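Starting from the structure of chain U, add chain C where the hints point.
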Amino acid sequence: MKVALVGSPNVGKSVIFNRLTGAYATVSNYPGTTVEVARGYARLEGRVLEVIDTPGIYSLATITEEERVTRDLLFSARPDVVVHVVDTRNLERMLGLTLQLIESDLPVVLDLNIVDEAEKAGLLVDGESLERALGIPVIKTSGALGRGIAELRAAINRATKGPAARPAIPSLLYEQPIEAALAALEPLLPDGSGVSKRCQGLVFLQEEQAAAGSEGAGDEVSIRIQEILRDLSSSCSSPSALIARQRQARARELTALCFDDSAVQQPRFREALSRFMIRPATGIPLLLIVLYVGLYLFVGRFGAGFLVDLLEGTVFGRWVNPFLTALVRRLLPWPVASDLFVGDYGIFTLGLRYAVGIILPIVATFFLAFSLLEDSGFLPRLALLVDGLFKRIGLNGRAVIPMVLGFGCDTMATVVARTLETRRERLIATLLLALAIPCSAQLGLILSLLSAFPLALAVWALCIAAVFLAVGALSARLLPGEKPSFFIELPPLRLPRPSNVLAKTAARMRWYLLEIIPVFLIVSVAIWLGRLTGLFQLLVSAMGPLMRWIGLPAEAGSAFLLGFFRRDYGAAGLFDLARAGLMSPRQLAVAAVTLTLFIPCVAQLAVMVRERGWKAALGIVGFVFPFAFLVGFALNAILALAGALA
Amino acid sequence: MNVPEILGEKLEEILERLWTRTVEKGQESCAASELGETGVEESLVELAVLGLVAEENGRYSLAERGRQEAANTVRRHRLAERLFIDVLDVKGELSEESACRLEHMLHRGIDEKICTLLGHPQVCPHGKPIPPGPCCAEARRAVERIVAPLDLLAPGRSGTIAYVHSTDPRRVAKLLAMGVLPGSRITLIGRSPSFSFQVGYSQFAVDAEIARDIHVRLDEQEQAAHAGGGLRNGRRLRHGGGPREGRARR
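One line per chain: the protein sequences are U and C, in this order.
Residues 1 to 646 (my numbering) are what the first sequence spells out, left to right.
Residues 1001 to 1250 (my numbering) are what the second sequence spells out, left to right.
Isolated chain U (complex conformation) (with noise of 0.2 Å):
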C-alpha cells in the first residue's frame, strides 16, 4: 500500500509526512526544499503503509524538473492514496490541483492544512459542505500542533479500502473545443497508467501548448495529435489558459460555498516587518546585521572561535590525541602502522580531529543558524532583495538560497541548486558554488586564521566578492539561454519553532555527517598510503614550484593537495601552517583566496558529476583550477608591488 502527499511548496507536507511516519523530512519555511522523494512508513491498523513526501506542485501539467519527479512519480508509481495537502488560507489557489488530481481517478483525500494559523487569523471553514461538493474526504489538520492527525490516519485507512460509496460528483467539463480534443485524444493516448486518460489528455494540451513547436517523431500517432493540437489551436488561442481559467472560476464557487472570512484580520505586525524586509533601505541593514551576528558572531566567533577551541584544542590536543597516541602505540609498536592511526595524518589525530574537532561545531553552528533564518521566512524576502544584482550574474533572486546554503556546505547547495529553473542558472550556480563560495568549515577557518590581521581579512573578502560578481558576470554574458525570470512566494514570517529548528538542523548535520565521516576516513588511508608509497611526499613537491609561483612555502602544497579532498582540510592545513609561523600575513592572504577558489572538495565534485553531468563538472574543474592559482598569483605580485601585508 502507497500513500503520496502532494501539493503546492510550502503547505506543510513535510511535517504531515514526519507525522504520519515519525522519520524527519526536512521541513522549512521557503519554497522547494524537498528535492529528493522522501519515504517513510507509517502503522495504521497492523498495516505497514509506504508513505511519500513529493517536490513541491502546482500543477500537474509541470514547468520545473522538481515538477516533474512529482508528475512522475504519480502516474507510474500508481499510489493506492493521494493525500493532497493545501494552505487552507490559500485553498482558493490550490484547489485547482485538488480537481486535477480528481479527474485522475486517483483516490485523493483534501487535507486543509495549517488550520491552526487560518482559524488565528478569523478565518472560518466548513469541511462538510466541502466535502460534500467535491465527493471526497476533507480533513482539517495542523501539522505543527498535530492536530487532525488521528483523523487523517482514519480518512487514510478508509480510502485504502477502496472508495466509499458517495454520490457520483459529476467531473468538470470544459468548453467545447476543449472536449472535442479530449475526446479525440483519449484514444491514442497510451494504456497502462495509473491515471485517467482524461487527466493525462488534459495535461498533454496543457504542456504542449508551452511547448509549442516541438515536433513529433513522425508516426502515424504522433501526426494524429499535431492534427487535433491544429484543429484546437484554430478554435481557440490558448487552451492551456482556458483550462486553468476554467478550473479556476470551480475552485472559486467551491471556495465561496466553504469559506467564511468576515471575520478576517490581517496581521498588522508581520505584514509591518516584512515590508521592513523588503525595502532595500531597511532590508539591507538589515541583511548586514544578520551577517554579523549570524554569520560572524555565531558561526566564526562562538563556533569556528571558542568550540573549536575548547573540542580541537582542548579535548582533542590535551586528552584524547596523547592518550590514543599512547594507547595505539603500545598495541601496535611498529610505527607504520600505528602511524596509520596516531601519525600527522592519522584516522584519529587528523581524520577524526578534523572532522569531530574542527568542522562540527562550525558546520553545527552554521545549520542552526541556517535553519532559524529558514523557518523565519527570511530567505524568499532576501531572494526578492538580492533578485537585480543576482540578474546580472545571470542567476534570479531564488538562487541566493543555494548560495546562502553554500556557505555551510557547498555539497549539499550543489544538491539545491536543482531547484533553479533552467539549465543554465543550474550551471552558473554550480560554477560559483565551486568556485567562490566558501564552506562554513572553510569560512570558519580563514575568519580564525585572519582575525589577527583584518587587513589580509580585507583582502581577501574582497577578493572572492571580486572573482564571485565578475566571473558571474562574465559567464551570463557568455554562456547561451534564455534570460532567467523571477517569481518566489513569499510565505508568511513565522516564529521558528524551536523543535523543528533544532530537529532540521539534527537532521543536516546527520546528512553531513554521514557524508564527510568515511571521507575523512578514506582520505586518512589515502595519505597513510601515500606517504607508504612516497607517492604524497612526491606530489607535495611536485606542488612546490606552483607555491612558489603565487609566493607561498613550498609546505602549503599539502594543504591544497589536503583541499582537493575536502575543501575545510585545506584550511585547516593552513591553520596548522600558520600556527607554526611559518606564514606571512600576505602569504596567508594569498593561500587563503587561493584556496577559496580551488577546485572543490572530493563529494562536491561527485554531486557536480551527479547532478550536472561529467561534461559539465569537467569543464568547471578545468577552469576553476587554473584560474584559482592565476588569481593567487595576481594578488601576491599586486600586494607585493604595493608593499602591503609584508
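Source of the hints: derived by calculation from the structure; they are not laboratory data.
Keep in mind the model is a prediction, meaning the values are calculated, not measured.
Some hints here could point you the wrong way.
Unchecked claim - Derived CB-CB ranges, DEER-like:
id, chain 1, residue 1, chain 2, residue 2, range
1, C, P1169, U, F625, 37 to 45 Å
2, C, P1169, U, R423, 14 to 22 Å
3, C, R1101, U, S76, 45 to 53 Å
4, U, A133, C, K1010, 57 to 65 Å
5, C, E1042, U, Q226, 45 to 53 Å
6, U, L291, C, T1160, 35 to 43 Å
Built from N, CA and C at the ideal position, the CB exists for glycine as well.
Relative to the frame of chain U, chain C by itself:
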C-alpha cells in the same frame, strides 16, 4: 439625408484624417489634398451630402454630425490597434496593417465588446487618446475602467486580475498554476527592488518582466482617490505608449 450605418472604408478613412487634423492637431480646416489622393473630392462631396462634412472656400471641416461619426471611426481604429498589440501580440507594421482592415468591421456593437474586453483603454498603443464610447461612460460608473499592467501601478493599489499575457507561454502557465489567475483580487505591495504583491492570502515577488505580464483591472474608488497619480510616475499609458511598445523596442 440619413447616414447609412456603414459608410465604407474610403469615407471612414477621410473622416479619420479630418479628425486627427482638426480635432487633435487643432487645424481649423483642411484642403482636399491633405485628406487623400485620387477621388478624394468625390468622396468629400458624398460626405457633404450626408451632412458629415462642411465645405468653405475649398477647405473642409467636420460638421456636427460628422464629428460623432469621425470619433467612432478613430475609436474603432485605435481599439483595433490595442487588440492586435496588447492581446494578440502582433508587432510593428503588421499590427498597423491589420488594424486598418479590422477597424472597418467593428460595427454594430462589436467595438463596444472589444472595448470592454480591453478594459476600456483610454489611449492607443502610440499614446493617442481613444474617444470614449457609451460603454466607457457606463463602465466609469461601474467598476471596470482601466486595465493596467502591474508594473505601472503605485504600491498599495488593488484591483482584479484582468488577464495574464506573455510572449512566453511557460511563464503564463507558471503564473496561472501559482494562482495568479484572471478574476483574483490583487494588491501591489511594493515595486522596488522587485515587485511584490498579494493575491488572496498569499504574497509573491516577481521581477519587472513578469509584473508587466499581469494586467490588473483597477478598483473604482481607488481610481477616484488616485485620479491622475494612481499610475506610476504619471506614466498614464501615454507617450510612446504602453510598456509593451517599450519592450518591443528593446
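Go ahead and decide if the range 35 to 43 Å is satisfied by the Cβ distance of L291 of chain U to T1160 of chain C. holds, 40 Å
So the hint says 14 to 22 Å: do the beta-carbon atoms of P1169 of chain C and R423 of chain U match that? holds, 19 Å
Range hint 45 to 53 Å: satisfied by the CB atoms of R1101 of chain C and S76 of chain U? At roughly 51 Å between Cβ atoms, S76 of chain U and R1101 of chain C fall inside 45 to 53 Å, so the hint holds.
Could one say that the CB atoms of P1169 of chain C and F625 of chain U fall in the range 37 to 45 Å? Because 41 Å falls inside the window, the suggested range holds.
Would you say the C-beta atoms of E1042 of chain C and Q226 of chain U sit inside 45 to 53 Å of each other? Because 52 Å falls inside the window, the suggested range holds.
Please check whether A133 of chain U and K1010 of chain C have a Cβ separation lying inside 57 to 65 Å. holds, 58 Å
The structure is consistent with each of the numbered hints, conforming to all of them.
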